[in-house]
Amino acid sequence: MDEGCRKLFERMSEYLDGELDLKELADIESHLHLCHHCEACLAALRRTIEVCRSHSVPSMPTEVRRELHELIRKNLS
Amino acid sequence: MPMPLTGDEDCGTREIVRAGPVAEKEGELVDSSDQQIIERVNQGDPAAFEELLERYEEKIFHFGMRMCGQVEDARDLLQETFLNAFRYLKGFRGEAQFKNWLYKIASSVCIKMRRKGKFEPDFEISLDQLVPTEDGEVPQEIPDWALEPLENVLSKEVRRRLSEALALLPKEYRIVLVLRDMEGFSTEETAETLGISEAAVKSRLHRARLFVRHKLHEYFQGRKP
Ligand SMILES: [Zn+2]
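So the sequences go chain by chain: A and F. The working numbering puts the first sequence at residues 1 to 77. The working numbering puts the second sequence at residues 1 to 225.
Since the hints were derived computationally from the structure, they do not count as laboratory data. Treat the hints with care, since some could be wrong.
One-sided excerpt, in silico: chain A residues whose CB lies under 10 angstroms from chain F [what the hints assert, rightly or not]:
1) 1
2) 21
3) 24
4) 25
5) 28
6) 30
7) 41
8) 44
9) 49
10) 57
11) 59
12) 60
13) 67
14) 68
15) 73
16) 75
Taking CB as the label site, the calculated pair distances span [to be verified]:
17) 21(A) x 157(F): 27 to 33 angstroms
18) 147(F) x 4(A): 51 to 57 angstroms
19) 157(F) x 53(A): 16 to 22 angstroms
20) 114(F) x 21(A): 38 to 44 angstroms
21) 33(A) x 147(F): 26 to 32 angstroms
Everything numeric in this text was worked out from a predicted model, so none of it was measured. Glycine is no exception: its CB is placed at the ideal position from the N, C-alpha and C atoms.
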């Protein structure tokens with residue numbers, strides 16, 4: 001892994017989140033054009049974020065809801 | 001002479017102006033009706049608090065499930081969060097959105113909580129551990145699982161692997177990933193919620209994402225014929 005790759009590897013999330021300034025952005029994009037290794041690495045990270053964003057959990061069981069409301073009502077008085 | 005009406009209006013305008021930048025930044029309107037409910041609670045109508053429950057209980061439960069992985073712990077986190085919110089509601093100043101204030105409470109409950117019968121990972125993640133190695137972790141070509149349409153990749157098994165990877169992350173990394181990539185918080189909001197710097201948020205988020213990427217990669221590698 002050369003220095004350009006290492007630098008990109010450290011900033012990849014900020015790159016994907018649009019948090020880099022123009023100079024850093026230009027550096028990274030010119031490296032990406034030339035380096036398939038980093039391009040592949042970046043694609044896998046982008047996909048990981050997409051998978052995370054679509055993470056679903058089961059909805060709250062009725063029992064949990066009932067217990068919560070009972071507990072709060074007890075504390076309201 | 002009675003005060004002209006404009007006096008009151010000025011006060012009102014100042015309130016709106018103060019809330020303005022937040023609303024603009026988020027691209028959504030400040031939810032004034034949360035504020036109205038809170039005022040009712042604080043003015044001696046505690047039953048109004050149940051309206052806040054109705055609005056946010058599902059969100060906080062989901063946050064609990066993501067952080068703890070099981071219903072029992074998510075339930076504890078939910079109860080503790082709303083009990084504390086009720087207790088400290090008088091201290092809520094309305095400068096922040098109520099939702100963010102609630103997540104702040106939930107996060108601090110979560111950090112203190114111990115998951116029942118579960119091992120709590122505790123280690124630093126260094127970037128060096130996660131650098132893709134030449135022996136094939138990241139090939140020269142984009143892997144199939146990053147190229148295929150997302151819906152083809154999101155199998156039940158992948159979702160299970162993601163939950164597993166989350167559970168293996170140390171809590172301080174997990175909470176940043178959950179807030180940023182699952183609950184939709186910005187870097188700034190996450191920093192504010194957890195009381196850490198934006199630089200720390202970015203650093204933990206990147207490590208947590210790379211950790212999950214590594215776990216997903218292992219899974220997809222193992223599936224290859
Ligand atoms: Zn490179």
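Now the hints, each set against the structure:
Hint status for residue 1(A): holds, given a least beta-carbon distance of 6 angstroms to chain F, under 10 angstroms. Among the interface hints, the one on residue 21(A) is violated; its C-beta lies about 14 angstroms from the nearest C-beta in chain F, farther than the 10 angstroms criterion. Interface hint status for residue 24(A): violated, as the beta-carbon distance to the closest one in chain F is roughly 13 angstroms, over 10 angstroms. At a threshold of 10 angstroms, the smallest CB-CB gap from residue 25(A) to chain F is about 15 angstroms, leaving the interface hint violated.
Because the closest C-beta pair between residue 28(A) and chain F is about 14 angstroms apart, greater than 10 angstroms, the hint is violated. With 10 angstroms as the threshold, the beta carbon of residue 30(A) stays out of range of chain F, its nearest partner Cβ sitting at about 19 angstroms, so the hint is violated. Contact between residue 41(A) and chain F, as hinted, is supported at the beta carbon level, the nearest pair being about 5 angstroms apart and thus within 10 angstroms. Below 10 angstroms, beta-carbon pairs count as interface contacts, and residue 44(A) has one with chain F at about 5 angstroms; its hint therefore holds.
Given the 10 angstroms rule on beta carbons, the hint for residue 49(A) holds: about 6 angstroms separates it from the nearest Cβ of chain F. Annotation: interface hint on residue 57(A) holds; nearest CB of chain F at approximately 4 angstroms, less than 10 angstroms. Annotation: interface hint on residue 59(A) holds; nearest CB of chain F at approximately 7 angstroms, less than 10 angstroms. Interface hint status for residue 60(A): upheld, as the beta-carbon distance to the closest one in chain F is roughly 4 angstroms, under 10 angstroms.
Satisfaction of the interface hint for residue 67(A) is found here, the shortest Cβ-Cβ separation to chain F being roughly 7 angstroms, below the 10 angstroms cut-off. Given hint, residue 68(A) at the interface with chain F, holds; its Cβ is 6 angstroms from that chain's nearest Cβ, closer than 10 angstroms. About 8 angstroms separates the beta-carbon of residue 73(A) from the nearest beta-carbon of chain F, less than 10 angstroms, and the hint is met. Residue-level restraint check for residue 75(A) holds (minimum Cβ-Cβ distance to chain F is 6 angstroms; threshold 10 angstroms).
Separation of residue 21(A) from residue 157(F) is about 40 angstroms and departs from the stated range, judged on CB atoms against 27 to 33 angstroms. Remark: the range hint 51 to 57 angstroms for residue 147(F) to residue 4(A) is contradicted by a beta-carbon distance near 24 angstroms. Between residue 157(F) and residue 53(A) the CB atoms are about 18 angstroms apart, so this pair conforms to the stated range of 16 to 22 angstroms. Restraint check, residue 114(F) to residue 21(A): a C-beta distance of roughly 41 angstroms satisfies the suggested window 38 to 44 angstroms.
Distance hint for residue 33(A) and residue 147(F): a CB-CB separation of about 19 angstroms, inconsistent with the stated range 26 to 32 angstroms.
Hint compliance for this structure: hints 2, 3, 4, 5, 6, 17, 18, 21 are broken, all remaining hints hold.
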